[in-house]
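Number of protein chains: 2
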Amino acid sequence: MTASERPRVGVIGLGSMGMGMATSLVGAGFETWGCDLREQARQAFAQAGGRAVATPAAMAAEVEVVLIVVVNAEQTREVLFGDDGLVPGLATDSVVLSCATCAPEAVQALGAELAAHRIALLDAPISGGSAKAAQGQLTIMASGGSVLFERLEGVLDAIAAKVFRLGDELGQGSQVKLVNQLLAGVHIAAAAEAMAYGIRGGCDPHTLFEVITQSAGNSWMFENRVPHILAGDYTPHSAVDIFVKDLGIVHDTAHRDKFPLPLTAQALSQFTLASAQGLGREDDAAVIKVYPGVDLPGAAANDGED
Amino acid sequence: MTASERPRVGVIGLGSMGMGMATSLVGAGFETWGCDLREQARQAFAQAGGRAVATPAAMAAEVEVVLIVVVNAEQTREVLFGDDGLVPGLATDSVVLSCATCAPEAVQALGAELAAHRIALLDAPISGGSAKAAQGQLTIMASGGSVLFERLEGVLDAIAAKVFRLGDELGQGSQVKLVNQLLAGVHIAAAAEAMAYGIRGGCDPHTLFEVITQSAGNSWMFENRVPHILAGDYTPHSAVDIFVKDLGIVHDTAHRDKFPLPLTAQALSQFTLASAQGLGREDDAAVIKVYPGVDLPGAAANDGED
Chain A
1 MTASERPRVG VIGLGSMGMG MATSLVGAGF ETWGCDLREQ ARQAFAQAGG RAVATPAAMA
61 AEVEVVLIVV VNAEQTREVL FGDDGLVPGL ATDSVVLSCA TCAPEAVQAL GAELAAHRIA
121 LLDAPISGGS AKAAQGQLTI MASGGSVLFE RLEGVLDAIA AKVFRLGDEL GQGSQVKLVN
181 QLLAGVHIAA AAEAMAYGIR GGCDPHTLFE VITQSAGNSW MFENRVPHIL AGDYTPHSAV
241 DIFVKDLGIV HDTAHRDKFP LPLTAQALSQ FTLASAQGLG REDDAAVIKV YPGVDLPGAA
301 ANDGED
Chain B
1 MTASERPRVG VIGLGSMGMG MATSLVGAGF ETWGCDLREQ ARQAFAQAGG RAVATPAAMA
61 AEVEVVLIVV VNAEQTREVL FGDDGLVPGL ATDSVVLSCA TCAPEAVQAL GAELAAHRIA
121 LLDAPISGGS AKAAQGQLTI MASGGSVLFE RLEGVLDAIA AKVFRLGDEL GQGSQVKLVN
181 QLLAGVHIAA AAEAMAYGIR GGCDPHTLFE VITQSAGNSW MFENRVPHIL AGDYTPHSAV
241 DIFVKDLGIV HDTAHRDKFP LPLTAQALSQ FTLASAQGLG REDDAAVIKV YPGVDLPGAA
301 ANDGED
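Heads up: the sequence lines are chains A and B, in that order. Going by our numbering, 152 is the number at position 152 of the first sequence; the sequence numbering is gapless. Going by our numbering, 209 is the number at position 209 of the second sequence; the sequence numbering is gapless.
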């Protein structure tokens with residue numbers, strides 16, 4: 001059972017989340033393969049002790065457990081079934097973890113297709129940001145067969161501080177993740193709106209942050225993102241375009257069911273406006289820049305860089 | 001200086017906030033007068049050791065410090081200058097605390113008019129809810145002359161756990177309070193939207209609460225209000241109509257300055273819709289009832305009571 005306890009693991013997508021997960025696995029002693037199209041990411045991972053390859057197919061025969069850490073369901077499908085994809089080379093009884101934010105139905109469909117190849121799927125969207133990914137301290141909102149959780153215990157321990165087991169059915173993890181993304185996105189947009197309104201009204205932004213974080217208006221996102229605004233530093237921890245994508249998924253699932261989400265739609269519109277203004281790759285706190293006539297901290301320095 | 005250290009205090013408005021503040025003052029040993037139009041509130045306050053009167057004029061000559069805990073600037077003005085109002089009977093050098101949520105300009109105007117009568121005003125909006133009011137543990141977002149803070153130290157200690165001193169100018173406290181209310185209102189509406197969406201998507205509402213409160217989607221309001229939804233108990237701690245009012249003030253101040261607040265406008269619209277559906281006096285978490293086709297916890301019991 002040694003192979004099951006310490007399986008060879010692959011991570012597809014060495015971005016801000018995947019790289020941290022892959023290096024956490026290396027640090028925990030797993031033989032870890034990492035795949036990314038970008039040469040720079042592969043070099044960084046190889047230097048961190050991992051085995052770096054350029055295509056999913058190149059690691060397929062080497063690994064028993066694969067974490068797919070790409071941006072959406074379409075990319076997850078491409079990694080599995082596309083050119084140079086994983087599935088043809090992957091051994092039966094391998095396990096794939098779908099870590100991207102996806103519609104529940106998309107994960108269920110992937111699970112059915114993988115089952116036809118006798119490959120198991122765990123619905124395993126992640127939360128926590130790049131810093132927690134690097135520390136192996138992510139939150140995972142997971143669903144799937146309980147036997148999978150047993151097989152993956154060591155892998156999950158290496159990357160996550162908290163694993164929520166949200167049921168046996170694929171899609172249940174993704175549904176909870178979408179609820180979390182709805183709130184996270186609305187709260188970032190609300191934090192931006194509130195800071196913009198307060199600064200326009202003559203409040204000192206640092207005082208505002210101090211008061212709100214100790215009051216009923218606080219949120220996890222307010223506390224986490226407003227410091228970026230105060231520092232005038234929009235280096236992306238998580239980019240505006242991530243919420244264009246994630247709130248878009250939330251919006252689409254609700255729209256399909258004819259279920260109204262007015263606040264979500266409005267927050268999505270604000271991130272979309274920010275992206276259209278060229279801010280898509282800035283930190284998501286940059287959504288505050290769509291509010292007109294606000295004298296933001298550090299604005300002069302940022303304007304100089306633009 | 002004994003009178004200044006332990007002044008006779010009046011509280012106008014013995015509602016869910018004012019009653020708690022008034023009884024906290026009684027408990028701290030202040031001779032406290034309370035005013036309310038409702039006989040029942042006056043009886044309750046008298047039983048708690050206070051001196052209860054039916055009009056502001058009836059306490060004006062008895063007190064040196066008056067806390068006005070009504071719903072808005074118009075009512076505050078009526079308490080001061082209307083029929084049976086405070087001002088004609090109030091001694092010069094008395095201090096009035098304006099505790100309602102008001103536009104900054106409204107507080108500034110009241111301050112100027114009171115100054116003409118040699119009465120001082122502290123801009124002192126409160127936050128924290130009825131439970132904290134009863135415990136003398138409110139948060140106060142205050143602005144005004146520093147000499148007032150010294151004179152009122154004992155009074156503020158009796159009612160508040162935290163007093164933010166937000167500057168010398170009237171309106172600065174109210175501006176920060178409006179930012180807090182913007183966030184609080186948007187977060188309640190977002191919590192309702194997220195829970196409605198998740199329940200519609202098949203999530204167990206209790207599990208959803210457990211996961212979100214440990215994730216990046218959390219907010220102070222999510223954690224505080226969603227338990228009302230889980231219990232199916234919409235007994236008002238703070239009513240839907242309070243946010244129709246407070247987000248209305250935020251909206252009006254921004255609209256006047258031609259400043260767009262799209263998330264705020266959408267949240268205001270949700271509370272207004274809830275109020276129009278007859279939910280105005282229910283707990284503000286009842287804004288979730290405007291989402292269609294959601295199987296809310298305890299819904300059967302509630303339907304029976306309607």
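It is worth saying that the hints were derived from the structure and are not from the lab. Every residue, glycine too, gets a C-beta built ideally from N, C-alpha and C. Possibly wrong hints are sitting among the right ones.
[To be verified] Taking CB as the label site, the calculated pair distances span:
| # | chain 1 | residue 1 | chain 2 | residue 2 | range |
| --- | --- | --- | --- | --- | --- |
| 1 | B | T213 | A | G145 | 25 to 31 Å |
| 2 | A | G298 | B | A46 | 52 to 58 Å |
| 3 | B | T213 | A | P227 | 55 to 61 Å |
| 4 | A | T235 | B | D157 | 42 to 48 Å |
| 5 | B | R38 | A | Q135 | 52 to 58 Å |
| 6 | A | G27 | B | R256 | 55 to 61 Å |
| 7 | B | A131 | A | Q47 | 51 to 57 Å |
| 8 | A | G248 | B | H117 | 47 to 53 Å |
[To be verified] Here are the computed lysine to aspartate or glutamate pairs in the DMTMM-like style, where the Cα-Cα straight-line distance is at most 25 Å:
| # | chain 1 | residue 1 | chain 2 | residue 2 |
| --- | --- | --- | --- | --- |
| 9 | A | K162 | B | E223 |
| 10 | B | K258 | B | D84 |
| 11 | B | K132 | A | E210 |
Now for the hints, and whether the structure bears them out:
1. T213(B) to G145(A): 25 to 31 Å: holds (27 Å)
2. G298(A) to A46(B): 52 to 58 Å: holds (56 Å)
3. T213(B) to P227(A): 55 to 61 Å: violated (22 Å)
4. T235(A) to D157(B): 42 to 48 Å: holds (43 Å)
5. R38(B) to Q135(A): 52 to 58 Å: holds (56 Å)
6. G27(A) to R256(B): 55 to 61 Å: holds (56 Å)
7. A131(B) to Q47(A): 51 to 57 Å: This hint holds: roughly 55 Å between Cβ atoms.
8. G248(A) to H117(B): 47 to 53 Å: Cβ of G248(A) to Cβ of H117(B): about 58 Å, so the range 47 to 53 Å is violated.
9. K162(A) to E223(B): holds (19 Å)
10. K258(B) to D84(B): violated (38 Å)
11. K132(B) to E210(A): Given pair K132(B), E210(A) holds - Cα atoms ~20 Å apart, limit 25 Å.
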